[in-house]
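Undergrad: Model the full assembly from the supplied sequences, consistent with the hints where possible.
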Amino acid sequence: DTAVSQTPKYLVTQMGNDKSIKCEQNLGHDTMYWYKQDSKKFLKIMFSYNNKELIINETVPNRFSPKSPDKAHLNLHINSLELGDSAVYFCASSQGVSGPYEQYFGPGTRLTVT
Amino acid sequence: EDKVVQSPLSLVVHEGDTVTLNCSYEVTNFRSLLWYKQEKKAPTFLFMLTSSGIEKKSGRLSSILDKKELFSILNITATQTGDSAVYLCAVEPSGTYKYIFGTGTRLKVLA
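Going down the list, the sequences are from chains A and B.
Each residue of the first sequence is one higher than the one before, starting from 1 at the first, in the numbering used here.
Each residue of the second sequence is one higher than the one before, starting from 1001 at the first, in the numbering used here.
Hints listed in this document are in silico derivations from the structure and should not be mistaken for laboratory results.
Every value quoted in this text rests on a predicted model; they were computed, and no experiment measured them.
Treat the hints loosely; a few may be bogus.
As the list claims (entries may be wrong) - The list that follows gives simulated cross-link-like pairs (lysine to aspartate or glutamate, DMTMM-like), each with its CA atoms no further than 25 Å apart:
hint	chain 1	residue 1	chain 2	residue 2
1	A	Lys40	B	Glu1001
2	B	Lys1041	A	Asp85
3	B	Lys1057	A	Glu102
4	A	Lys44	B	Asp1017
5	A	Lys36	B	Glu1015
6	B	Lys1068	A	Glu102
7	A	Lys36	A	Glu24
8	A	Lys40	B	Asp1083
9	B	Lys1041	A	Glu82
10	A	Lys52	B	Glu1055
11	B	Lys1098	A	Asp85
12	A	Lys41	A	Asp70
13	A	Lys40	B	Asp1002
14	A	Lys52	B	Glu1039
15	A	Lys44	B	Asp1002
16	B	Lys1067	B	Glu1026
17	A	Lys44	B	Glu1001
18	B	Lys1068	A	Asp38
19	A	Lys9	B	Glu1039
20	B	Lys1056	A	Glu102
21	A	Lys36	B	Glu1026
22	A	Lys41	B	Glu1026
23	B	Lys1003	A	Asp85
TA: Quick look at the structure:
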């Protein structure tokens, strides 16, 4: 029933490790996004895919690599984790890019790097 | 540089009060503006405002867009403790395919 789902919900790991977060949407949307939300609740877009094609790639360290195997899935892999990567990562989806369309958010993944 | 500024940063009111949250923006070629409510987890969608839809209302919540003065307001009447949340505003500049979020207004409604 969940429209946009993410796994895991919580991730605690040590500096230097590599980790992945997965996102799936069952809304039939064409476009998916990754956002980072810091401790002050500021949401900043990182990446966006439209029909498996990368359309937004903000100024993000190349340790972050998104992958979209199909338009219902968008994963985020992070290499060599750093303390500053600690945040909540939200996946979102929208009907497309030609809209405008509202975005629907997943429950978030709280990443803590120690 | 495109930016979205929300005010106030935080607000404490009592149940039954009416609140007005502000969102001002400076973007190149405005396309749309979204309002979200974020409690403990994911932001949940409230309204979309565009050039063709400058007023929206749903129950006790309403929002207007002033494209000339470059701002939007979110009104909540007869507030309830369940309205306590962070309210986020996001603006989409035309042709960018992305929304720029403001820093949010944290609303606390006391019983």
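Undergrad: Taking the hints in turn, state whether each one holds.
TA: Verification of the hints:
1. A:Lys40 to B:Glu1001: 21 Å, holds
2. B:Lys1041 to A:Asp85: 19 Å, holds
3. B:Lys1057 to A:Glu102: Holds: lysine 1057 of chain B and glutamate 102 of chain A sit about 16 Å apart, inside 25 Å.
4. A:Lys44 to B:Asp1017: Roughly 32 Å separates the two Cα atoms, so the pair is violated.
5. A:Lys36 to B:Glu1015: 32 Å, violated
6. B:Lys1068 to A:Glu102: Since the Cα atoms of lysine 1068 of chain B and glutamate 102 of chain A sit roughly 23 Å apart, the hinted pair holds (cutoff 25 Å).
7. A:Lys36 to A:Glu24: Since the Cα atoms of lysine 36 of chain A and glutamate 24 of chain A sit roughly 17 Å apart, the hinted pair holds (cutoff 25 Å).
8. A:Lys40 to B:Asp1083: Satisfied, since the Cα-Cα distance of roughly 19 Å is no more than 25 Å.
9. B:Lys1041 to A:Glu82: Distance of about 24 Å is within 25 Å: holds.
10. A:Lys52 to B:Glu1055: 34 Å, violated
11. B:Lys1098 to A:Asp85: 22 Å, holds
12. A:Lys41 to A:Asp70: Roughly 30 Å separates the two Cα atoms, so the pair is violated.
13. A:Lys40 to B:Asp1002: 20 Å, holds
14. A:Lys52 to B:Glu1039: Status violated; Cα separation ~31 Å.
15. A:Lys44 to B:Asp1002: 13 Å, holds
16. B:Lys1067 to B:Glu1026: Within the cut-off at roughly 11 Å; holds.
17. A:Lys44 to B:Glu1001: 15 Å, holds
18. B:Lys1068 to A:Asp38: 32 Å, violated
19. A:Lys9 to B:Glu1039: 16 Å, holds
20. B:Lys1056 to A:Glu102: 14 Å, holds
21. A:Lys36 to B:Glu1026: 22 Å, holds
22. A:Lys41 to B:Glu1026: Given that 25 Å is the threshold and the Cα spacing comes to 20 Å, the pair holds.
23. B:Lys1003 to A:Asp85: OK: lysine 1003 of chain B and aspartate 85 of chain A at ~23 Å, within 25 Å.
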